[in-house]
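Asks: Which chain is which? The protein sequence lines are A and B, in order.
Position 57, counted from 1, in the first sequence is what this note's numbering calls 57; the numbers after and before it change by one each time, with no gaps.
Plus 1000 on top of the position in the second sequence (first one is 1) and you've got this note's numbering.
I should point out that these hints are in silico values taken from the structure, not numbers from a laboratory.
Where hints are given, some of them may not hold.
Claimed, not checked - According to the in silico footprint, chain B covers these stretches of chain A (three or more CB under 8 Å from chain B):
1. 156-167
2. 173-185
3. 337-349
Cβ atoms here follow ideal geometry from the backbone N, Cα and C, with glycine treated the same way.
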Amino acid sequence: MINRSIPRFEIILNIRTISVKLPIYTFIQIRKLLNNCYPQLLATCGFFLLCGLVLLLRRQNPLEFYTTIFVSGFSSFDEFGSVLFNTTPLIFTGLAVAIGYRCGLFNIGCEGQLNVAAFAATLVGMYLDLPSILLVPLCIGIAMIAGAAWGTVPGFLKAKFGAHEVINTIMMNFIAVALTNFLVTSVFQEPNQMIPHTSQIYENARLSRLGSYIPFIPETNLLNDSFIIACVCVILCFIFLKYTRWGYELRFVGNAPDVAAYGGINPGIVIVWVMALSGGIAGLAGVADVMGYRYRFLDSFSSGWGFTGIAVALLGRNHPFGVFAAALLFGLLNKVALDIELLLNVPRGLFLAGQGLLIIGLVCLEKIQKKNK
Amino acid sequence: MTIIDLIPSTIRMTIPLGYVALGGIYSERSGVINIALEGLMLTGAYGYVVGTQTTGSVWMGLFFAIGLGILFALLHAVATITFHAEQIVTGVAVNILAIGVTDYLTPAYERVEGLPEWKLPVIGTYSFLVYLLPIIMIASHILLFKTPWGLRLRAAGESTEALKTLSLSRANWQFFGVIMSGILASIGGCYLASDVHYFSEGMTAGRGYVALAAVIFGNWRPLYGVAACLLFGFASSLELADLWNIPDQVLKIIPHVLTMIVLAGLVGKSRPPAALGKMES
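Could you put the whole structure together from the sequences, leaning on the hints where they help?
Replies: What follows is the structure in structure tokens.
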């Protein structure tokens, strides 16, 4: 046998070959990406074109609209920091939905999970005055447990009784909102205040703002450590799904639950822990708000992050890195919506309506893509 | 205040839920999951107010609302039935779209006329939609369970193949089911808007989901479904009346907790149509 590794090594060293192969390689990779992701790209472009068209119908200049988006989103570190701040909760909810979806579960209950998690974090942060190094992980941990508990209930009902998790997660949303509303208004309301919110959490339980230690971000910028946590979460989820035994089981149950059962995996158990994990990650969105921004629990603070998470996961093809990119897009939209409303006098409903159409168009395009394969 | 005084407010709470739940039953019986009820209801309320404001006639308002409801339901239907898209995702998308469109084109904040009211002896004076609901409920029951058309609609929901063996189109019956849900849900929204005489953003406030809960609690049957709405309507009227000092949050979650219990089969199993949400591959 001739050892072929030596000539190969030479080929790699050969600069002329590389200079030919690298562009071809990148071209192939880009084509592969386009082939796989064209529904996502098409839907996103369609969304922006549609917005421009609506602006035209309003007899406004669509170019002004696009430049406003660009200026309001990217013109300075301050602006871009705000975009990332708006992105953070969407990364969490997007990841939560995506992980559930990989296992064939629809977690529509992110809204409820992040509410109870935020409340749990607030309670711990309000009543325990520990050193920061203990208190912050404790708050995050308790919040994740609360979110996970909220996710486990529909998971358990699905595994044990076969009850559809979509209905149960929706119902759990309403229960969570009612429960936290009751606790805030009747038990933990800050004294002498009309706004339904709790008192502030201790200084030690707060996440620091990135502006306080990164020089080029202004101190007033709201971007905080929760964004770092989100980035770590994305990478951990990627490793978890791709390289661990549990990730394999999760994907197996998602693709073929019956086959998984023959392969020695108990789908019921997987469903329960996946819902718990999904709920825990969704809970981090609540943590980001309480510990990174408001420092207290405000009644119904979430502006539909749980539902936007579905769109984020879908646009990100349920892949952690895709979720990150999609969350960035929706975070940008959330950030610029206010400026668009103020400067161009366009109601923010435009973005919501566009989002709805984007999702519908995207799912249809994905089905077409699947058929053509 | 006694229980008797709660009757009018119970009726006012029940009627919108009842229409939406009946709509949900049509859609789900034909095998299409309809999370979009909330959005369809919202467009109904919106359509009524806009239609009445622009034409000055409440009938045109009702007509406009139903048209808008059908349009949004068609969007859901085309995506799910023609393209076989995920029904839950599309439903959520229709809800988001409805919120967005009604926010983008908010009608003028003016009082609109309510739908005509009929006075009946003993019962009292209510909008004619109140009297129409029992009729539609019984008609739906007969249509679904006593006629060949109902059998076919239910067959579409019970199996992906059954209608094919009769060389009938499953898609057509599903379109019918979803469009019926659009019509009925928007009538529910109409009642809501005509009752308070204006439209505000997100005015349905989760009632579509409560109606969905009623569909499940009523075991996907029109008579039981409306009965469930009556129960849930009674709970919300208690909430308004502040009787017996029960915190309103407790009353608010009653429909949701009951639905979860019934769906799990802890008390009386509720059984969904067998092919609900399934599409032939």
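Asks: Please name the hints from earlier in the document that this structure breaks, with their numbers sorted from lowest to highest.
Replies: none
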